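If you want the building blocks of each chain, they are given just below.
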Amino acid sequence: DAKTTQPPSMDCAEGRAANLPCNHSTISGNEYVYWYRQIHSQGPQYIIHGLKNNETNEMASLIITEDRKSSTLILPHATLRDTAVYYCIVRVAAANFGNEKLTFGTGTRLTIIP
Amino acid sequence: KAGVTQTPRYLIKTRGQQVTLSCSPISGHRSVSWYQQTPGQGLQFLFEYFSETQRNKGNFPGRFSGRQFSNSRSEMNVSTLELGDSALYLCASSSGVNTYEQYFGPGTRLTVT
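Residue numbers (the numbering used here), protein chains in the order written: chain A, 1 to 114; chain B, 1001 to 1113.
If you are wondering where the hints come from, they were derived from the structure by calculation, not from laboratory data. Keep in mind that a hint or two might mislead.
Stated by the list, open to error - In silico SDA-like pairs for lysine to any residue, Cα to Cα no more than 25 Å straight-line:
1. A/Lys-3 / B/Ser-1022
2. A/Lys-101 / B/Lys-1013
3. B/Lys-1057 / A/Pro-21
4. A/Lys-52 / A/Lys-69
5. B/Lys-1057 / A/Thr-26
6. A/Lys-101 / B/Gly-1084
7. A/Lys-101 / B/Thr-1113
8. B/Lys-1057 / A/Cys-12
9. A/Lys-52 / B/Ser-1086
10. A/Lys-3 / A/Gly-29
11. A/Lys-101 / B/Gln-1044
12. B/Lys-1057 / A/Glu-55
13. A/Lys-101 / B/Phe-1064
14. A/Lys-101 / B/Gly-1058
15. A/Lys-3 / B/Gly-1003
16. A/Lys-52 / B/Ser-1022
17. B/Lys-1057 / A/Gln-42
18. A/Lys-101 / B/Ser-1022
19. A/Lys-52 / B/Glu-1052
20. A/Lys-69 / B/Glu-1052
21. A/Lys-3 / B/Arg-1063
22. A/Lys-3 / A/Phe-104
23. A/Lys-101 / B/His-1029
24. A/Lys-69 / B/Thr-1005
25. A/Lys-101 / B/Gly-1003
26. A/Lys-52 / B/Thr-1005
27. A/Lys-3 / B/Asn-1056
28. B/Lys-1013 / B/Ser-1079
29. A/Lys-101 / B/Phe-1045
30. A/Lys-101 / B/Ser-1051
31. A/Lys-101 / B/Gly-1040
32. A/Lys-101 / B/Asn-1077
33. A/Lys-52 / B/Ser-1079
34. A/Lys-52 / B/Gly-1062
35. A/Lys-69 / A/Leu-80
36. A/Lys-3 / B/Gly-1042
37. A/Lys-3 / B/Gly-1058
38. A/Lys-69 / A/Tyr-46
39. A/Lys-69 / A/Pro-21
Please read these numbers as outputs of a predicted model, since none were measured by experiment.
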């Protein structure tokens, strides 16, 4: 799985959009970008994933650059409950039967400021 | 639909003992993965079971083992506990086929004294 680089920490004002960057310059053509988050004392929670097109769901949006070397997770209206460690993970396509392993980096500790 | 459950939530053991942790996946899910989380090493993959067979294994010593039952429930065992085994042990479940997301349980906090 390709290596990812994320800033160790970020702050965001409550109600504003939180933009979390991730660099994955060695990503290969069959690797997806996944985002998970871990709220203190809980297990990680899946947020969103994408291959090359931008994706949006009820939790967040994922913007992947055209060269796929970086991506940004956007939480459109951050709340205090979004304070967590956010992990950007790159791994081979989930359609490859039998690949459930997730390789977590150190993530970004996002703090939402009231 | 009930989430992933792990028991016990907290456990204190002494060095040299062994421990068994349990995980019940979401109903219908056939894959169970185990992770260890420590402040120093972060989240690390231990192993994954699907239909009672180990499919993937992380880089951990043989003291760490697991199994999966026919109802998809899984157990992991750590023998001859060391202080460094103190960690949060997380279990994740997924359907195991063409999955894009895993669902994590709350974890078992193991303290080795």
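Hint by hint, here is what the structure shows:
1. Under the criterion of a C-alpha separation no larger than 25 Å, the hint pairing A/Lys-3 with B/Ser-1022 is inconsistent with the structure, at around 31 Å.
2. For the suggested pair A/Lys-101 and B/Lys-1013, the alpha carbons sit about 28 Å apart, so the restraint of at most 25 Å is broken.
3. At roughly 30 Å between alpha-carbon atoms, B/Lys-1057 and A/Pro-21 are farther apart than 25 Å, so this suggested pair is violated.
4. Restraint check for A/Lys-52 and A/Lys-69: satisfied, since their Cα atoms lie roughly 10 Å apart, inside the 25 Å limit.
5. For the given pair, B/Lys-1057 sits about 24 Å from A/Thr-26 by alpha-carbon distance, which is consistent with the 25 Å threshold.
6. For the proposed pair A/Lys-101 and B/Gly-1084, the alpha carbon gap of about 23 Å is at most 25 Å, so the pair holds.
7. About 30 Å separates the Cα atoms of A/Lys-101 and B/Thr-1113, which puts this hinted pair outside 25 Å; it is violated.
8. Straight-line distance between C-alpha atoms of B/Lys-1057 and A/Cys-12 comes to about 38 Å, which puts the hinted pair past the 25 Å bound.
9. A hinted pair counts as satisfied when its Cα atoms are at most 25 Å apart, and A/Lys-52 with B/Ser-1086 does not qualify at roughly 39 Å.
10. Taking the CA atoms of A/Lys-3 and A/Gly-29, the gap is about 14 Å. The hint holds against a cut of 25 Å.
11. A distance of roughly 10 Å separates the Cα atoms of A/Lys-101 and B/Gln-1044; the hinted pair therefore holds under the 25 Å criterion.
12. Our distance criterion of 25 Å between C-alpha atoms is broken by B/Lys-1057 and A/Glu-55, whose separation comes to about 31 Å.
13. Restraint check: the Cα-Cα separation between A/Lys-101 and B/Phe-1064 comes to about 17 Å, which is no more than 25 Å; the hinted pair holds.
14. About 9 Å separates the Cα atoms of A/Lys-101 and B/Gly-1058, which keeps this hinted pair within 25 Å; it holds.
15. At most 25 Å may separate the alpha-carbon atoms for a hinted pair to count; A/Lys-3 and B/Gly-1003 exceed this at roughly 30 Å.
16. Pair hint A/Lys-52 plus B/Ser-1022 does not hold up; C-alpha atoms about 38 Å apart against a cutoff of 25 Å.
17. Among the hinted pairs, B/Lys-1057 with A/Gln-42 is consistent with the structure: their alpha-carbon atoms are about 23 Å apart, no more than 25 Å.
18. With a C-alpha separation of about 19 Å, the suggested pair A/Lys-101 and B/Ser-1022 falls inside the 25 Å cut-off, and the hint holds.
19. A threshold of 25 Å between alpha carbons decides the hint, and for A/Lys-52 with B/Glu-1052 the separation of about 35 Å lies outside it, so the pair is violated.
20. At roughly 38 Å between alpha-carbon atoms, A/Lys-69 and B/Glu-1052 are farther apart than 25 Å, so this suggested pair is violated.
21. Using a Cα cut-off of 25 Å, the hinted pair A/Lys-3 and B/Arg-1063 is violated, with the two alpha carbons roughly 28 Å apart.
22. With a CA separation close to 10 Å, the supplied pair A/Lys-3 and A/Phe-104 stays within the 25 Å bound.
23. For the hint pairing A/Lys-101 with B/His-1029, the CA-to-CA distance comes to about 16 Å; that is within 25 Å, so the pair holds.
24. Restraint check for A/Lys-69 and B/Thr-1005: not satisfied, since their Cα atoms lie roughly 37 Å apart, outside the 25 Å limit.
25. Taken as a hint, the A/Lys-101 and B/Gly-1003 pair is honoured in the structure, with Cα atoms around 20 Å apart against an allowance of 25 Å.
26. Under the criterion of a C-alpha separation no larger than 25 Å, the hint pairing A/Lys-52 with B/Thr-1005 is inconsistent with the structure, at around 34 Å.
27. Straight-line distance between C-alpha atoms of A/Lys-3 and B/Asn-1056 comes to about 19 Å, which keeps the hinted pair within the 25 Å bound.
28. Among the hinted pairs, B/Lys-1013 with B/Ser-1079 is consistent with the structure: their alpha-carbon atoms are about 11 Å apart, no more than 25 Å.
29. For the suggested pair A/Lys-101 and B/Phe-1045, the alpha carbons sit about 7 Å apart, so the restraint of at most 25 Å is met.
30. Annotation: proposed proximity of A/Lys-101 to B/Ser-1051 holds, straight-line Cα distance about 16 Å (limit 25 Å).
31. Between A/Lys-101 and B/Gly-1040, the direct Cα distance comes to roughly 20 Å. Compliance with the 25 Å bound is thereby established for this hinted pair.
32. Only pairs whose Cα atoms come within 25 Å are accepted, and A/Lys-101 paired with B/Asn-1077 is accepted, the gap being roughly 19 Å.
33. Annotation: proposed proximity of A/Lys-52 to B/Ser-1079 is violated, straight-line Cα distance about 44 Å (limit 25 Å).
34. Taking the CA atoms of A/Lys-52 and B/Gly-1062, the gap is near 39 Å; set against the 25 Å cutoff, the hint is violated.
35. A C-alpha spacing of about 30 Å is found between A/Lys-69 and A/Leu-80, which places the hinted pair above 25 Å, so the restraint is violated.
36. Of the pairs offered as hints, the one joining A/Lys-3 and B/Gly-1042 holds, with about 15 Å between alpha carbons and a cut-off of 25 Å not exceeded.
37. For the given pair, A/Lys-3 sits about 17 Å from B/Gly-1058 by alpha-carbon distance, which is consistent with the 25 Å threshold.
38. Using a Cα cut-off of 25 Å, the hinted pair A/Lys-69 and A/Tyr-46 holds, with the two alpha carbons roughly 21 Å apart.
39. Distance check on the hinted pair: A/Lys-69 and A/Pro-21 sit about 11 Å apart at the alpha-carbon level, within 25 Å; holds.
Violated hints, listed in ascending order, are 1, 2, 3, 7, 8, 9, 12, 15, 16, 19, 20, 21, 24, 26, 33, 34, 35; each of the other numbered hints is respected by the structure.
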